[in-house]
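Novice: Residue numbers (the working numbering), protein chains in the order written: chain A, 1 to 518; chain B, 519 to 889.
Since the hints were made in silico from the structure, they are not lab data.
Glycine is no exception: its CB is placed at the ideal position from the N, C-alpha and C atoms.
Zero decoy hints are in this set.
Label pairs and their calculated CB-CB ranges:
no., chain 1, residue 1, chain 2, residue 2, range
1, A, 14, B, 824, 49 to 57 Å
2, A, 271, B, 824, 46 to 54 Å
3, B, 872, A, 354, 21 to 29 Å
4, A, 144, B, 669, 17 to 25 Å
Examples of chain A residues toward chain B, derived with CB under 8 Å:
no., residue
5, 311
6, 341
7, 354
8, 376
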Amino acid sequence: MTTAAPEVRVALNRITKRFARVTANDKVSMTIEAGEIHALLGENGAGKSTLMQILYGLYQADEGEIVVDGKAVTFRDPGDAIACGIGMVHQEFMLVQPMTVVENVILGLKESASGVLRLKAAAARLQALSDKHGLAIDPWAQVQHLSVGVQQRVEILKLLYRDAQVLILDEPTAVLTPKEKEGLFATLKSLCAEGRSVVIVTHKLYEIMAIARRVSVMRAGKMVETVAVADTSETDLARRMVGRDVVLRVEKSPCQPGRTVLHVDNIAVRDESGQQKIWRASLKVAAGEILGIAGVEGNGQSELASALLNLMPIEAGRIVLEGEDISAATPAQRRQKGIGFIPADRREVGAFISLSLEDNAMLGSQRSFTKSKGWLLDRLKIARHAKEIISRFDVRTPDAQFEAGKLSGGNLQKLILGREVMQKPKLLVVEQPTRGLDVGAVEAVWKGLLDARDNGCAIVLISAELEEIINLSDRIAVMYNGQIAGEVEAAKATPALLSELMAGGSLNNAEQQHDQVA
Amino acid sequence: MTKWLERRLSPAQSPTALALTSGGGILAAFIVSGLLFLPFGGNPLTAYGFLFSEAFGSSRGFGLSLVQATPLILIALATVVIWRAGLGYIGFEGCFLVGAAAASWIALSGTPQGLPWKLPVEVYWPVVLIVTFIAGALWAGWVGALRVRFGGNDVLISLMANYVAIFLVQYLVSGPMRAPGDLPQTPRLPHETWLPLVISGIKTHWGIAIAAIATLFTCWLMRSTPAGYEIALAGLNPKAARYGGVDVARRQMSAVYLGGGFAALAGLCAVLGVQHRLMDGLSGGVGFIGLVIALLARLNPLMVIPTAILYGGLEVGGSAMQRQTGLPTSVVLILQSLVVLLILAGDILRYYRLRLPVRKATPDTLVEKES
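Same shape as in the complex, but just chain A (with noise of 0.2 Å):
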């Protein structure tokens, strides 16, 4: 598209990928310049992950053409793609757990013609990359002890390692904390500084706006448009996208609270290895209100939302549901005395990705949904029943026979959002509802929660993403090393408080109601 543009390093011009009936990429042109960071951003489906897996060789392009460095090339595996410059760091990362960094790094290269490995040769040269480019970088620890911040970064330094010119981020920050993500935008930087280019794919708005230099938008497998992201805004990108006008805030009816549904009362949770998760966390909430849990991952949000249906047993403490002590309820007990759960995992906890729509539809209350004395199921029952969930939710299916998880994943999400939402729960616990989400699917995910809330559900709304923390919760805790560093009603909340909340700080600076640091 721009084609005057000075110094394009790689330009995919017209390529088309078809998967048996699909067509993933419907001739797609996009330029990458040297020294740009270039968003790719687009909803789930819409062919941008195909489009850079042909860029690195996974898979190749039926028609069209790939050209670097002003030469038409042909990439038949990620090989070719690297030998010319081309390098991708995966949402999931492809390293040798129990290797050493320096180990995963030369891994599959074949650079001393002698066949003798040289470590400690390897190691120098790594450890004089990772200094330059700040990325703080231990070549000879363990993979499997490093965070996995650090771990995104064993992965960036791989392909700087083999001189990498165009570095494609898969979600690169799908899996990192508010600080590492400063960490890596800081690194992308000062890679573009040294002239390399760096390719993000990703569906989250403001980050685009915060370092990239130019986003292309992709919708339904073709290529929408190629922006200056100065020449644009977050309501402007989210249009094109989705194409249509999306609200990023949220309507919500003023909160009315009614009786006290949930009353944690400070509870301490072991994980299996017997680290402390949990410990003195106290919480209550409301028939009608949405209390958000914020706080970094891994300080024990999930944890708590494991013991609020037990499937982590709790060490101490007491839970009570509607004045009733269910600390020794099985999961299945807890269930029927109407808690409901969307768990973080919606592929391996949430559903059942090789069962049907309508076998997912009745997991949980498959005793419910029983004739005969409850001996046999009921299918018609549970027909009407997965209809009524796609239909009132918006699941997009062929029909209710389709397997779960062929669904993407802002569809899956709107059945398990359904299915609990439909059981009328008293109390919802809700984990990441949108994490990987696209924009559309967010808003219809935020809705569903916040009509359960206008029912009088009382929802406990644990999440990592900020935005939607402020924007759904009536009041908020945050939690930090496993207790409640702090509990703000929404209408006080800043994303500057919360954040020095997240941090370790105490909300002695902030004139608020009761203190509950424990």
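Assemble chain B onto chain A, guided by the hints.
Specialist: Then chain B, alone, in the frame of chain A:
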């Protein structure tokens, strides 16, 4: 050539695709084995003619095939139930032997003639069926409990438990239950305790009805009951099942009890229907063949019956063919193994779609069409 085949993202799941690939695998196995007959001077076509007319052509032969298929069906069903619950239990030889021993013990508990304890017939059959079922359920149950409660390796423990059961039967037939004489075996069971023949003159006994009822029960359980749904959930993903309110340990244990009971009934059919006495070496690997049948049927209880009858027919017809043509005995074994191997290998074809550039070329029988 490569243009004709297009790789699918996920395998074709339609019944047509499954039937085509499986049928193609069987056909290929017969063709390859037929080539092996040639060096021995055998004509593959006449040999296969013998095989099929012997196994399926006459009511007598088909009856024999059904007799062979009966224990295979029951053990395959046991595999379906236990494996669907997420265990890797392979101790069906053991369950089979324990069931055979239990049934023989009941049958021998009377006088040399007549039913044990002078029970009326309508009481004897429920008693022997239930006791055998419980014996098998308990035998599988202790292995299952080690896995489900304590996290033991069920594959290894169940395999080893087979040897324990073999020695147990050896002890019984050479010690407490031994008949006078040279061979380590029990006395012949009283005629009244045998499984009666369905039609006199044909060797098929009522064990085939036990197998059919067990099949219907398994289908009904897995498809239309909440218990079956929960067993499948526990096997697919225990974590998600727990989230869905399933007591995973309880469901897995009930599947193990049921499977162990089914395998024990296979043992009952062998002693009360065919051998009419307990002896060493009774099982002869039937526990593992049943497992293979279940895999060929892709853990689908309805598919178990045709698969087992086909396999039973290959055994009956194969040995007749070998006697008639004078081919080496190993030829039958090769044919059976090839059938299993090529049906399983045929799965790879389901990942491809055939694209004929021009319709005049005859389609390759092994490659399934667009379904």
